[in-house]
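Protein chains: 2
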Amino acid sequence: MATDALKTWVGFDLGGTKMLAHIYDEQFRPIGRERRKTRSNDAFEDGIDRVVETIQMALQHGGVSAKSIQAIGIGCPGPIDFDTGTLVSPPNLAWKSFNVRERLQEVFGCPVIVSNDVDAGVYGEYCFGAARNSRCAIGVFPGTGIGGGCVYRGEIFAGAGRSCLEIGHVQVMPNGPQCGCGQRGCLEAVASRLAISAQLAKAAFRGEAPTILKLAGTDVAEMRSKIIAEAIDNGEAVVESIVREAARWIGIAIAGVINLMAPDTVILGGGLVEAMPKLFVNQVTKSAKKRVMPAYVDTFQVVAAELGDDAVTLGSAAWARHATEGTEPRALRREAVAAVN
Amino acid sequence: MATDALKTWVGFDLGGTKMLAHIYDEQFRPIGRERRKTRSNDAFEDGIDRVVETIQMALQHGGVSAKSIQAIGIGCPGPIDFDTGTLVSPPNLAWKSFNVRERLQEVFGCPVIVSNDVDAGVYGEYCFGAARNSRCAIGVFPGTGIGGGCVYRGEIFAGAGRSCLEIGHVQVMPNGPQCGCGQRGCLEAVASRLAISAQLAKAAFRGEAPTILKLAGTDVAEMRSKIIAEAIDNGEAVVESIVREAARWIGIAIAGVINLMAPDTVILGGGLVEAMPKLFVNQVTKSAKKRVMPAYVDTFQVVAAELGDDAVTLGSAAWARHATEGTEPRALRREAVAAVN
Numbered sequence: 000m001a002t003d004a005l006k007t008w009v010g011f012d013l014g015g016t017k018m019l020a021h022i023y024d025e026q027f028r029p030i031g032r033e034r035r036k037t038r039s040n041d042a043f044e045d046g047i048d049r050v051v052e053t054i055q056m057a058l059q060h061g062g063v064s065a066k067s068i069q070a071i072g073i074g075c076p077g078p079i080d081f082d083t084g085t086l087v088s089p090p091n092l093a094w095k096s097f098n099v100r101e102r103l104q105e106v107f108g109c110p111v112i113v114s115n116d117v118d119a120g121v122y123g124e125y126c127f128g129a130a131r132n133s134r135c136a137i138g139v140f141p142g143t144g145i146g147g148g149c150v151y152r153g154e155i156f157a158g159a160g161r162s163c164l165e166i167g168h169v170q171v172m173p174n175g176p177q178c179g180c181g182q183r184g185c186l187e188a189v190a191s192r193l194a195i196s197a198q199l200a201k202a203a204f205r206g207e208a209p210t211i212l213k214l215a216g217t218d219v220a221e222m223r224s225k226i227i228a229e230a231i232d233n234g235e236a237v238v239e240s241i242v243r244e245a246a247r248w249i250g251i252a253i254a255g256v257i258n259l260m261a262p263d264t265v266i267l268g269g270g271l272v273e274a275m276p277k278l279f280v281n282q283v284t285k286s287a288k289k290r291v292m293p294a295y296v297d298t299f300q301v302v303a304a305e306l307g308d309d310a311v312t313l314g315s316a317a318w319a320r321h322a323t324e325g326t327e328p329r330a331l332r333r334e335a336v337a338a339v340n
Numbered sequence: 000m001a002t003d004a005l006k007t008w009v010g011f012d013l014g015g016t017k018m019l020a021h022i023y024d025e026q027f028r029p030i031g032r033e034r035r036k037t038r039s040n041d042a043f044e045d046g047i048d049r050v051v052e053t054i055q056m057a058l059q060h061g062g063v064s065a066k067s068i069q070a071i072g073i074g075c076p077g078p079i080d081f082d083t084g085t086l087v088s089p090p091n092l093a094w095k096s097f098n099v100r101e102r103l104q105e106v107f108g109c110p111v112i113v114s115n116d117v118d119a120g121v122y123g124e125y126c127f128g129a130a131r132n133s134r135c136a137i138g139v140f141p142g143t144g145i146g147g148g149c150v151y152r153g154e155i156f157a158g159a160g161r162s163c164l165e166i167g168h169v170q171v172m173p174n175g176p177q178c179g180c181g182q183r184g185c186l187e188a189v190a191s192r193l194a195i196s197a198q199l200a201k202a203a204f205r206g207e208a209p210t211i212l213k214l215a216g217t218d219v220a221e222m223r224s225k226i227i228a229e230a231i232d233n234g235e236a237v238v239e240s241i242v243r244e245a246a247r248w249i250g251i252a253i254a255g256v257i258n259l260m261a262p263d264t265v266i267l268g269g270g271l272v273e274a275m276p277k278l279f280v281n282q283v284t285k286s287a288k289k290r291v292m293p294a295y296v297d298t299f300q301v302v303a304a305e306l307g308d309d310a311v312t313l314g315s316a317a318w319a320r321h322a323t324e325g326t327e328p329r330a331l332r333r334e335a336v337a338a339v340n
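Sequences listed follow chains A and B, in order.
Residue numbers for the first sequence follow numbering that gives the first Met the number 0, beginning at 0 and rising by one.
Residue numbers for the second sequence follow numbering that gives the first Met the number 0, beginning at 0 and rising by one.
Excised from the complex, chain A in its bound form (with noise of 0.2 Å):
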């Protein structure tokens, strides 16, 4: 395994909380990964340095050296500059404004493509799995906040150069909750798992969600998307009610994307959808569908995510080698199919 002749592309995905390094071969084979928590305190030196120790630990785990890298993929949160890889405030890290790819390309030597984490999960569900074959791909991932993107016609969509698709701040309900943003009654304050969990925490206050309040207590930080569906399977009324809310509303943003952008497929991905995806998929394509134009009713399927935690790291890494070989994605795609089934 230790030859250099190996050639590999790293995928990394930089979260609030943990980042994760995979180190992947020419088929998109994982040969090593290590994962880490972000400490997204830590000053942007101390932050980039444990990047690249944890990318350096995922080589040393493959039995590779950095010289077999071709590219590094980075997904990084909040809105992304392409044209410089410079993170724009990003909401959940305290490094503002920082260039990760300049550094990351002194050390390694290599390319380093940066993209926003939840258009690289869009990209990598785009190349190996539930969105195989789209023309357009919109990802929906409910998490702390609402997550998304689009990879249109092979490329991540970009608009004027900069990451979008920001849907967790697209208007719902006008003089609506307060938003983290600054804004009201955006879809985030009204549907994102810290909405949920508000209101399941104040349920299990009011005794009405006795598996919360046994397992979570009536604490927001602890509702964990396991406990929501163990509560919902032992029939408990109101925490289903309280989520089926929440996936309508997130239907009724679908819908206003759906007659804005015309998808043909709408993955939903993260945690809670992974706890519940037969919920989140129906109760969100019901609610799309009574809501967009006739022209669009049946131009789209919902569907949910497929590859979980791997979406983000091989999505940036499959994006990286796109961007620096202007590989066909088809052809990258077909390949890396194959090599995945």
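There is no bait here: all hints are sound.
Pairs count within a copy or across copies, as identical chains cannot be separated in the list.
Result set (SDA-like, lysine to any residue): computed pairs, CA atoms no more than 20 Å apart in a straight line:
(1) LYS289 <-> MET172
(2) LYS289 <-> GLY181
(3) LYS36 <-> ARG223
(4) LYS288 <-> CYS180
(5) LYS17 <-> ARG223
(6) LYS289 <-> VAL302
(7) LYS285 <-> PRO173
(8) LYS289 <-> VAL87
(9) LYS225 <-> GLU207
By construction, these hints were calculated from the structure, which means they are not laboratory data.
We have chain A already, so just place chain B on it with the hints.
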């Protein structure tokens, strides 16, 4: 002029009330034109005959024969299925799901490219007008309805193979006024010319808008853009407030589009905007900037369309040329701009 060595492209604007054919030479200079009423209640057979005759008249005016035509571009209302060249239930025409492309190809023996009229208008502005050099241009045209279109990286954005950017049907006011599409609170229902006219008719009836009352009475069908602009020039505050409120709502919907698609240029067009460009550009800019995510505040500009009635004919002809010759849009654009200036 009457030489068959001349190559021409036909641009056709098929509207709900008028149809317009322009014949262009290789530098996209207009060499013949014809304008007729659409008679939107005609059956498809009669309607398509009028389209054919209108093109034949324009050719005659230009002194060129049908043999000179390299391609016909036709901009049509409503969603278009680009794969088949079929109109999908156009709301303002009696011709449902008919195949425009097939018939015109039979008659003229040349390629026919069907596009959505707003897309064609935005493509026209991208090639020759207010959106030159844009990476991602969104066009919003408040009229009887509110149309939208997008040119992304030199191509009409088409999602899952059909026209989209239906910004008129993005919901801005849950449980708001009834929209023609069957939903409630769509942008069109609160900010179209019809929505504005209904408000103006009430104001005129109440005696708050003397210019409107004098020139248009209280009939919503009589509220022409120039009359509205004149009332505002005459200092009728209620009229200005009604128009500004509509522009504010348009800005709200555009903010959502910016958060999703990050356009660098937002073009406003149509009769209302032409009559009051400053009011619309300023109010929409203000309203959108207030609501977009911080990362996008300085990434876009709102501009008034420059080509007026020629946008759709120019754009549909240029798009037909691009689609049939695979002309690099940028090259075509430069050539065309040089010809126009």
